[in-house]
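The residues making up each chain are set out below.
Protein chains: 2
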Amino acid sequence: MTINISIFDTTLRDGTQGEGISLSAEDKLKIAAKLDALGVHYIEGGNPGSNSKDIEFFQRVKQLGLSAKITAFGSTRRKNSVAEHDTSLMRIAESGVKAATLVGKSWDFHVHTALQTTLEENLSMIYDSIAFLKRNGMEALFDAEHFFDGYKNNPEYALAVLRKAQDAGADWIVLCDTNGGTMPGEIHDIVTRVRSELTADIGIHTHNDCELAVANSLAAVQAGARQVQGTINGYGERCGNANLCSIIPNLQLKLGYNVLGDDQLKTLTGTARYISEIANVHMPVGQAYVGNAAFAHKGGIHVSAILKDSKTYEHIQPELIGNKQRILVSELAGQSNIVSKAQEMGLDVNANNEKTKQIIDRIKELEHQGYQFEGADASMELLLREAFDGTKEAFKVESFKMLVDRGNGSMVSEAIVKLNVDGTPVYTAAEGNGPVNALDNALRKALLPFYPKIDEFHLADYKVRVLDEKGATAAKVRVLIESAGPDNTWSTVGVSSNVIEASWEALVDSFRYALLHMDKVDVVPADQSERVGLVNQ
Amino acid sequence: MTINISIFDTTLRDGTQGEGISLSAEDKLKIAAKLDALGVHYIEGGNPGSNSKDIEFFQRVKQLGLSAKITAFGSTRRKNSVAEHDTSLMRIAESGVKAATLVGKSWDFHVHTALQTTLEENLSMIYDSIAFLKRNGMEALFDAEHFFDGYKNNPEYALAVLRKAQDAGADWIVLCDTNGGTMPGEIHDIVTRVRSELTADIGIHTHNDCELAVANSLAAVQAGARQVQGTINGYGERCGNANLCSIIPNLQLKLGYNVLGDDQLKTLTGTARYISEIANVHMPVGQAYVGNAAFAHKGGIHVSAILKDSKTYEHIQPELIGNKQRILVSELAGQSNIVSKAQEMGLDVNANNEKTKQIIDRIKELEHQGYQFEGADASMELLLREAFDGTKEAFKVESFKMLVDRGNGSMVSEAIVKLNVDGTPVYTAAEGNGPVNALDNALRKALLPFYPKIDEFHLADYKVRVLDEKGATAAKVRVLIESAGPDNTWSTVGVSSNVIEASWEALVDSFRYALLHMDKVDVVPADQSERVGLVNQ
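Residue numbers (UniProt numbering), protein chains in the order written: chain A, 1 to 537; chain B, 1 to 537.
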């Protein structure tokens, strides 16, 4: 009989403790919807009492109608107090979620040192807090913090903590390797012991400080744990949490557990990449299973063997988890993607048509140069519209100049742009607090007379990545710009060895995309002096 | 009795199969010296017959007088041929190294599909090739490619392969999980079986396709393997090789094996970071043990507990592996570092002196802003010399301007610099194929009349990193520039939200550092028109 494993995702809570990760309420909602489509069973949203972002998240997530259980996070009640009066517990009960995780101490050393209370009071804190959730009709998960360190130091007390949570009605008892220092063999032995002592379902929550979080999660499951807590891409404090993108396929494809549906598993790679984009954390090319190089082959012998039989150098079929083999230049999943995308846009596209082949070749060539359209839908749409729809560029760039000037310690960035808007020449300049800001200001100033609504959108995010860090001053960079209008956002891309040019490309695409959906005002062409007067006002 | 584990580093061979990693012979020599100081037992240098870089490496590495055994890598002889006439084996014998690793097939499927020969001929190929090494007086390591897949498919044949290598005199039989698809439990069981069948010493070589390479290496050691093959930072094809930076401390600090000396272990973090700089691969902040965030604490509760007792949230003392706790802003190991560095430079520096405290505060402040002096020794030296030595800047920057101009599809980058060289004003301009190249050309042109030897150095490497990818167009970047003279190299750093300004800072530091060691020529001050004529020639 196949054993079911429950996946508890804490990307939105523990994942955001990772250095450099900061998610808005909007980001969290997008991620929650994506996780739900992947099929995780629990989505930990955060602490509903801790900050305004989390409060907003819990209010809005109800409207998404997700299948996964949204859970709130908090601690056991404060020492020497009453659960009913604990502000944090009250907020959880009022948040409207049906399940919550409470973290409590299971290492006697921590009870003394960090909590500074008695072992007995800690047990009461756990009992009272879990019982409070149950009285409020909620599913209760108990996170036993530092359980493995606690067990090694004082097994009887650590087990007493778990029994207390069980007695209070905890639905899941989750064993946490909070410092990430435990070895897989110890995890296996200790989980086996816990299983023999408890009747409640056991979960495992590990950290990657020894690069063993995945192995430790598997060891716990093999010893009887039935829930795995982790994050997408292993985000989390210090070295991160257990990486669900590796744990899920290992459990399902290698060890025969039942975790997700086969179709859901195929969305794993897309989910990982989408969330890395939202979190704006560079995904290592070599990330297991879902990385861009996870099934990439460059060695000559490997490639010739792969072409004979892909099993020779691939441990699974990459398609099972939505990744793909890479040998040749082509990065794109294939022309069927492009055709279906164009058809979505209402364009008359046919896979066998010569023009389609040309645009596919063009996109492959651009991806080879370093463009990446997965994160730049708007640039892709412009390419397709111009090829198939005869969509005209909203404006033509005649030239641009960028001046960076440092004198007397102050920096000035100035941009000069020369455009042609439907036959009307426009030539203007603007300053900014940096080169890209100046270019943005100049473009905006030039186009405002024609598109008075241009002020309704702005640049929301700007990212630079060096594609090939070698190559001294000729290193290529990719710039991604995210823009936001009143009710939508779009992303555009530019690539060049000149960072100013790459930024300019992405910026121009962003404006062109915005103007596609904006009414143009007729500005009467005038002589050049007058035009300069107009746009320089 | 403590068990010794032999560490076989293949960063220079298998590590260079990683996407985006390319090492010059010079890079490889620097890395070999660093690995030797760390105390690894074997350093695999590459394939002495495969390319000119590796040939140069094997010639020059002998002069370094390293303690580690340098090993060459190759395959078993070609099918239906004689080892003595195999060019690749001959090159290994002639390379002058005392040990070599030969890879051979142990998966019957591969013998048929990839090698396209008989199982019997494959056994002969292995026997002949290992025997050839032994006849040449070399230590012989046999890498059994795909051993675990082979064993699962045909255990008898896979074991026969190992016995053949053993019979031919192999000193080490290394079991390879080439596709990285094996689970830790399988590794443990199969290594246990192999140990019961063989007398030769066993090694383990794993890949990280399931994010289990570290766990699999440990499982093999716990089952009796006595050598671990891996790479620094886990570099390698697809998802990488087993990461020695995690395996070594896990074996030594967690599982009680004897691997390196305690003092050597303290160089682990420095070694990992140095090699990531040479390989120019960004080290993830969250990398286990050696990452910059591996012992970083930001949660309020964690920090207060850490301050009570660091054991509360740290699984080991970070100093054991040369890393450090990070709570506060200060990134620098401490003032003792700065004082000893200044003393190395012959500066009269005292830790208790007010000026020393000021410069330490200044460096901490700069590091907080994103400067990183570990990778920019020359910028650090300039700071110290200017503070303690009264070293004057070789030139003063009055102003610079950078013009990027795109018209008619072509990009022009132009730089205008205004300097003051010992009272002489210089004002000049130059073009380049990108903004940084133009700034470099302009500086060079301005300084050449004063420092005719300025042509003896050039920019060797240029790196940009976005420090805080959020923050739209105001994202901060760090630029690192490596410069090379006739017999030395130096690195400098600049940080700004304006990439042009950050590049300029690093460039100016590079020139200042170079000029410290160059004779200045007296250029007679002339009126401004004449000077302009001079420098614009």
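Hints were generated in silico from the structure; no laboratory data involved.
Mixed in with the good hints there might be a few duds.
With a straight-line Cα cutoff of 30 Å, these simulated DSBU-like cross-link-like pairs (lysine-lysine) come out [to be verified]:
hint : chain 1 : residue 1 : chain 2 : residue 2
1    : B       : 311       : A       : 152
2    : A       : 30        : A       : 311
3    : A       : 401       : B       : 53
4    : A       : 53        : A       : 34
5    : B       : 476       : A       : 30
6    : B       : 311       : A       : 445
7    : B       : 134       : A       : 476
8    : B       : 311       : A       : 311
9    : A       : 476       : B       : 401
Selected chain A positions facing chain B (Cβ under 7 Å, derived; list incomplete) [to be verified]:
hint : residue
10   : 179
11   : 211
12   : 214
13   : 223
14   : 224
15   : 261
16   : 265
17   : 400
18   : 401
19   : 452
20   : 454
21   : 499
22   : 500
For every residue, glycine included, the Cβ atom is placed at its ideal position computed from N, Cα and C.
Practice item. May I ask you to test the interface hint for residue 401 (chain A) with respect to chain B, counting a Cβ-Cβ separation under 7 Å as satisfied? Key: holds, 5 Å
Check your understanding: Is residue 311 (chain B) within 30 Å of residue 311 (chain A), Cα to Cα?
Key -> violated, 46 Å
Review point. Does residue 311 (chain B) pair with residue 152 (chain A) here, judged by a C-alpha cut-off of 30 Å?
Key: holds, 14 Å
Check your understanding: Against chain B, is residue 179 (chain A) within 7 Å by beta-carbon distance?
Key -> holds, 4 Å
Practice item. Against chain B, run the beta carbon of residue 500 (chain A) and see if the smallest gap drops under 7 Å. Key: Check passed: Cβ of residue 500 (chain A) comes within 5 Å of chain B, closer than 7 Å.
Point to revise | Hint check: 7 Å Cβ-Cβ cutoff, residue 454 (chain A) to chain B | key: violated, 17 Å
Point to revise | Hint check, residue 214 (chain A) versus chain B [nearest Cβ-Cβ separation less than 7 Å] | key: At 4 Å from the nearest chain B Cβ, residue 214 (chain A) passes the 7 Å test, so the hint holds.
Check your understanding: Straight-line Cα separation of residue 311 (chain B) and residue 445 (chain A) no greater than 30 Å?
Key -> Violated: residue 311 (chain B) and residue 445 (chain A) sit about 58 Å apart, past 30 Å.
Check your understanding: Any CB of chain B closer than 7 Å to the CB of residue 261 (chain A)?
Key -> violated, 21 Å
**Study point:** Holds or violated: residue 134 (chain B) to residue 476 (chain A), with C-alpha atoms at most 30 Å apart
**Key:** violated, 48 Å
Review point. Was the hint right that residue 224 (chain A) lines chain B, CB cutoff 7 Å?
Key: violated, 14 Å
Review point. CA of residue 476 (chain A) to CA of residue 401 (chain B), is that 30 Å or under?
Key: Given that 30 Å is the threshold and the Cα spacing comes to 22 Å, the pair holds.
This entry does not satisfy hints 2, 3, 6, 7, 8, 13, 14, 15, 16, 19, 20, going by the numbered hints stated previously.
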